[in-house]
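2 protein chains.
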Amino acid sequence: MNKLMLSLTVVLMGCSQGQKSSKQHSNLPSFPSKKIILEGLNHPWSIAFLSNKEALISEKDGNLLRVDLQSKEKYIIKGFPTDLTDSIRVIHFGDNSGIFEVLIDPHFETEPWIYMSYAAKKKGVGTTTKVVRAKLENDSLVNHETLIEAEPYTREYFHYGGGMVFGPDGKIYVTIGERLFWERDEPEIPIAQDVKDKRGKIYRINPDGSIPDDNPDFGKEAVPGLYGMGIRAAQGITVQPETNKIWFSEHGTIQGDEINILEARANYGWPNVTSGKLRSSDYKPPKLDGVSFTPPVWFWHHTVAPTGLTFYTGDEFPQWKNNLIVPGLSRGSLWRFRIEDETIKSAEELFLDDRVRIRKARQSPDGKLYILTDEDNGKLIQIKPQY
Amino acid sequence: MNKLMLSLTVVLMGCSQGQKSSKQHSNLPSFPSKKIILEGLNHPWSIAFLSNKEALISEKDGNLLRVDLQSKEKYIIKGFPTDLTDSIRVIHFGDNSGIFEVLIDPHFETEPWIYMSYAAKKKGVGTTTKVVRAKLENDSLVNHETLIEAEPYTREYFHYGGGMVFGPDGKIYVTIGERLFWERDEPEIPIAQDVKDKRGKIYRINPDGSIPDDNPDFGKEAVPGLYGMGIRAAQGITVQPETNKIWFSEHGTIQGDEINILEARANYGWPNVTSGKLRSSDYKPPKLDGVSFTPPVWFWHHTVAPTGLTFYTGDEFPQWKNNLIVPGLSRGSLWRFRIEDETIKSAEELFLDDRVRIRKARQSPDGKLYILTDEDNGKLIQIKPQY
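Protein chains in written order, with the working numbering: chain R, 1 to 387; chain L, 1001 to 1387.
Keep in mind the hints are simulated off the structure, nothing from the lab.
Treat each hint with caution, since some may be false.
Once the Cα atoms are required to be at most 30 Å apart in a straight line, the calculated DSBU-like pairs of lysine-lysine come out as [claimed, not checked]:
| hint | chain 1 | residue 1 | chain 2 | residue 2 |
| --- | --- | --- | --- | --- |
| 1 | L | 1277 | R | 277 |
| 2 | R | 121 | R | 53 |
| 3 | R | 284 | L | 1277 |
| 4 | L | 1287 | L | 1196 |
| 5 | L | 1034 | R | 345 |
| 6 | R | 34 | L | 1321 |
| 7 | R | 384 | L | 1345 |
| 8 | R | 368 | L | 1321 |
| 9 | L | 1345 | R | 345 |
| 10 | R | 321 | L | 1368 |
| 11 | L | 1035 | R | 345 |
| 12 | L | 1284 | L | 1245 |
| 13 | L | 1345 | R | 379 |
| 14 | L | 1277 | R | 384 |
| 15 | R | 384 | R | 35 |
| 16 | L | 1284 | R | 277 |
| 17 | L | 1345 | R | 368 |
| 18 | R | 321 | L | 1321 |
| 19 | R | 34 | L | 1345 |
| 20 | R | 345 | L | 1368 |
| 21 | L | 1035 | R | 321 |
| 22 | L | 1321 | R | 35 |
Have a look at the derived ranges for each label pair, beta carbon to beta carbon [as the list claims (entries may be wrong)]:
| hint | chain 1 | residue 1 | chain 2 | residue 2 | range |
| --- | --- | --- | --- | --- | --- |
| 23 | L | 1375 | R | 208 | 54 to 60 Å |
| 24 | L | 1182 | R | 354 | 37 to 43 Å |
| 25 | L | 1181 | R | 287 | 38 to 44 Å |
| 26 | R | 354 | L | 1123 | 56 to 62 Å |
Note that this is a predicted model, so its numbers are computed, not measured.
C-beta: ideal position from N, C-alpha, C; glycine also.
Sequences are here, hints too, so could you generate the full structure?
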């Protein structure tokens, strides 16, 4: 074989290989399948990737863990705030307390801050949502700082919120729930409609807890850091890569589960307007003068309990590029929304034959999609293409 | 350039072209888009393809047409049965009467039979669903034969059914609706639960209207041709290519829209069981002894009014192969179900931002997907991939 023939053969081999590979990964349809990566998690709530193989996982009813996705080893992070209260002590299913979100500082290599939200207790008073940060050193949290303490502490143990995301502007956006179960317990001005009450709001803060100068103005009496209001129970909050907009999920009472787009100064209406029904049928919200409400971009007719949503930007599912992935607790399926700008084009409910309460969907730095299941034996599951 | 160099260049060009084309049609995600093929149809109900470019279209409130998909020409087929009644004469939106299904004989070239279902009137008595066949000769129907006449004729003008499909066994399967609007009007034995009543049933007949010997046995008093019962209002019926099973859609009252798999002798439960709510809240169905009901394979929590469904077997959407496509009147979107055997794996609602009442989804012989919109200016629309 002369040199040119050899080159030609190499070219032909390369060509045919390229076509075969293209066929395997594109022509044949790929469907999502589940692969269990980790088990034995105690109602995991959130995951933050330190790398493609290492992550922090917050267990709602357990610990903050460092996990190795390859060796499957789990290490408990020491030094979690001692005022944490979780729902291990109770048998009531509706107890929402525990550890919620965990975020890693975007500049973690030089600024090893970990941001956490959780249900904090004050002895003899009650509980509330707290947002803290601490530095991670040798699997221990040190140099704790409190960023948000959503007083009042109350006896209610519902709807802490606790969703957090770093915005494209480097600020942290935080959801704080309204904390009530029954609307009949609302004060004269409903909690989420009262700018003086910290609950039922969305906040925008600097990573050190200070308030950005360019936050919207809700008036002198407003609680600091306020960015949006009229929130009942929002857990999932994420950034849309194509638009830099922030999207968040919200739980309704009877139906009324929603997806919203966050806008500065927006009022999402709770409890004055909802796409579902009020739980207290005899409750009449007061008339609020001069208030306009921002409608959801999507709501379900049935109960989904949407939680930690994320936009998909990986390569494994080309059809899903920039789609919004929304897990749900109640129906236990995974939702996929195809969106152009802010218009929802289609909605797909996945895993109809394999339902499990899902708390969070997240992507690793290399674009792999993971979910966390809300179970006693909670799991980290990778959503993989199956050809 | 010597000969070998030329060959090499050709190989490289071919190779790169191949990759480009593969990329265009596979690597890049394809999304469904709508292309209007024909307009000016009067509430079209069904379409039957004579070829890839010619079809018969039944207009619910008009005529049976022969249409040319390329030249856009429409020809009225003469000789449609004169006892047809449609809803042109009334303004009541809920009038379901008109022309329904149109099927072409599988051996049309030698046996040019056209099968049609429609609302027939009898003067001074009322209307009912009729299934007829006639030979198509020079755009005229001749040699009419009545295959099913679903007496009694009544004053109700709801829920005629009229869905028809040729089974893989060469038999025709026909849905006949229950014809009531209010459950409070049910006789002692509900219509759809009474084997002596022709309404609210699914039939299996030979193409000439005779009854196959191997039909299920519903007892001596049963109406001839009976195959399934307990039907309220079913319009869509289609064959699943992978299993040869027959699937059909059914309208509920308040919610309760369903997809069912047809089984010989099955009872789908109406009005004794429904996945929705009864319209007459004071109506109590009688207890039926020794009757077991077949549950739906899918039901919606909201009102969809699912109609003429079809399995997709084309090549344009590789991800959709063998998926069930279900149009709906009420939500105006198009549903896509990924199914393995009889298990629904995922459900996608398409065209959320472009809703229109859709009566039928059908495929041309060359695997292109079409829908018919239920409008005064009804349209034949092709669902095309958009890259």
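(request) Sort out whether residue 1321 of chain L lies within 30 Å of residue 368 of chain R, counting only the CA atoms. (result) Holds, because 26 Å separates the two Cα atoms, which is no more than 30 Å.
(message) Can you confirm whether the C-alpha distance between residue 34 of chain R and residue 1321 of chain L stays at or below 30 Å?
(response) Holds, at about 21 Å.
(message) The hint says 38 to 44 Å between residue 1181 of chain L and residue 287 of chain R; measuring C-beta to C-beta, is that right?
(response) 39 Å, holds
(message) Holds or violated: residue 1284 of chain L and residue 1245 of chain L, Cα atoms, limit 30 Å.
(response) 33 Å, violated
(request) Take the C-alpha atoms of residue 1345 of chain L and residue 345 of chain R, compute the straight-line distance between them, and say whether it is at most 30 Å. (result) 20 Å, holds
(message) Check whether the Cα positions of residue 1345 of chain L and residue 368 of chain R lie no farther apart than 30 Å.
(response) 21 Å, holds
(request) Note whether the CB distance of residue 354 of chain R and residue 1123 of chain L lies within 56 to 62 Å or breaks it. (result) Hint holds: Cβ distance 57 Å, inside 56 to 62 Å.
(request) Starting from residue 1035 of chain L, check that the Cα of residue 321 of chain R is at most 30 Å away, please. (result) 24 Å, holds
(message) Would the hint linking residue 1035 of chain L and residue 345 of chain R be met if the CA-CA limit is 30 Å?
(response) 16 Å, holds
(request) For residue 1375 of chain L and residue 208 of chain R, compare the CB-CB distance with the range 54 to 60 Å and indicate the outcome. (result) Given a distance of about 59 Å, which is inside 54 to 60 Å, the answer is holds.
(message) So if I understand the rule, the pair passes when the alpha-carbon distance is 30 Å or less; does residue 384 of chain R with residue 1345 of chain L pass?
(response) 15 Å, holds
(request) Please work out if residue 1321 of chain L and residue 35 of chain R have their alpha carbons no farther apart than 30 Å. (result) OK: residue 1321 of chain L and residue 35 of chain R at ~24 Å, within 30 Å.
Violated hints for the displayed structure, listed by number in ascending order: 2, 12, 14.
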